[in-house]
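K.L.:
Okay, here's what each chain looks like letter by letter:
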Amino acid sequence: MKQIELILGHIGRNTLQFFVQISRFASLSKKTSYWLFVAPFRGKGLRWQSTIDQMVLMGVNSIPIVAIICFFVGLILAMQAAYQLERFGAAIYVADLVGVSMTREMGPLITAIIIAGRSGSAIAAEIGTMKVYEEIDALQTMGFNPIKFLVVPRFLALLIMLPCLTLIADTVGIGGGFFLAMFNLKISFIRYFNETIEALVMKDLITGLIKTFFFAAIIAIVGSYQGFSVNGGAEGVGKATTNSVVASIFLIIIADLLCTMFFYSTL
Amino acid sequence: MNSIMIEIKDLVTYYGTRKILDGINLTVNRGETLIILGRSGCGKSTLLRHIIGLSKPSEGHILIKGHDITRMDEDERLPIVKKIGMLFQSGALFNSMTVGENVALPLREHTQLEQSTIGIMTRMKLDQVGLAGFENFMPAQLSGGMKKRAALARAIAMDPDILFCDEPSAGLDPIVAVGIDHLILKLKKAFKMTIVIVTHEMASVFMIADRVALLDKGRILALGTVQELQAMDNPKIQQFFNREPDPEEVDRNEYLSSLVGG
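Chains as they are written, first to last, in the working numbering: chain A, 1 to 267; chain B, 1 to 262.
These are calculated hints, taken from the structure and not from any lab test. Be a bit skeptical, because a hint or two may be false.
[As the list claims (entries may be wrong)] Lysine-lysine pairs mimicking BS3-like chemistry, simulated, CA-CA at most 30 Å apart: (1) LYS19(B) / LYS131(A); (2) LYS30(A) / LYS131(A); (3) LYS44(A) / LYS19(B).
Next up, chain A with everything else stripped away, as it sits in the complex:
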């Protein structure tokens, strides 16, 4: 009897906890939207300087790692494709495959995952540490809204920088495919270039970029949410950082699935 009580209690508490978390997450999203889309038009301003700082930290400084990883992803895609296509004498279609899969899927997704690991975790760690050292309380007692001060600049910076990084990723990834084609498959630059242009349609690029706005929002909100929910000291910050990466990657994949269903599903 006691056993059953314990199990039911456990289930009840966890369910309740889950819904509490959902409602807090929703409340943070709502407040962030208010401070980003409504408050500036009511004369409450945006913190541009802080946004630009974050754009440099999270965007510009991520260019090398995003570029290197996406170059290799393009290279890998090309190798896998060439292995199959060469048997049919259709090596030139490597260009199509790399071009389309980079712009539609791999570019946005890989970039988002890198940024979730690099910047999402940084957001969680930074806000979490500020919470531990009472800095968030200090902001509030000085009459500053922590969401306007901390979340909105990071959110906006990601919203602007993630599409830019994705464009870089797409280009470099296609470059990776070209690298293989040129040195291994002996396809000339012009042929590869023309084939890629031929294969790509605007829709590929645009659907890829639209997704990144959702990914950016997920990374910023999940990171901030985890940061604000830190309790306890350094251990809490560590946990929040890990959780932010795991949760944002999970949500990014879900968002990607939904976007793909919306844009391409024939069902």
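With chain A's structure known, arrange chain B on it following the hints.
P.N.:
For chain B alone, kept in the frame of chain A given last:
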């Protein structure tokens, strides 16, 4: 002018299902220094968090200069909040900014002053707390006592009417701690601020308190001047003033049964 700065009426608050504050009634007069004294876990920090508006009470009202802050939203509270300074236990300086930027932040955000004026005011405030010339240091480069001083400079940046301090001498050696107490006294004289301090440091109580509120288990056990409290013969009050430990009476049977988990 109204002489009551802060009025707390029937404040009740819970942490989960545990009652932390149980019907607090307290007034703080203009220009006085009130020390909220109590043991760890008696709810004194919670009380402070409510007064400065960081937590919302379950029941009761908190009036600052006649305005009920428990019934206000963020925008309505802003003019009141601007005139309140708060010194946190850890200092709570923004670690990503220099000391000077920390002090300048409220001025930059809340006033329309010229950058050069803000620079001068920042240096003045740092000078008042004995940190002249430290504006370009990062908080991490300062010692514990200096951090507290810098945090105090930030708390008084907007020339507040009310200054709150959460355990100003926690974690400091006695000499630095008494230095902070002196500084608070000096600032009080210079700016005629109303000061509310939460502490369990008896040395500070004797030195700076006009009145003391002794908090115990979420209630105010005693309120009065230091002399008045010393004259009361409530054992809990005397325990505080005489620095006596809790009596070590343990019921053997109870202890045994608590060990075996019964």
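K.L.:
Could you run down the list of hints and mark each one as holding or not?
P.N.:
Checked hints:
Between LYS19(B) and LYS131(A) the alpha-carbon distance is near 24 Å, which keeps this suggested pair within the 30 Å criterion. Pair hint LYS30(A) plus LYS131(A) holds up; C-alpha atoms about 21 Å apart against a cutoff of 30 Å. Proposed proximity of LYS44(A) and LYS19(B) is contradicted: the alpha carbons are some 38 Å apart, above 30 Å.
Violation of the numbered hints given earlier is confined to hint 3; every other hint is satisfied by the structure.
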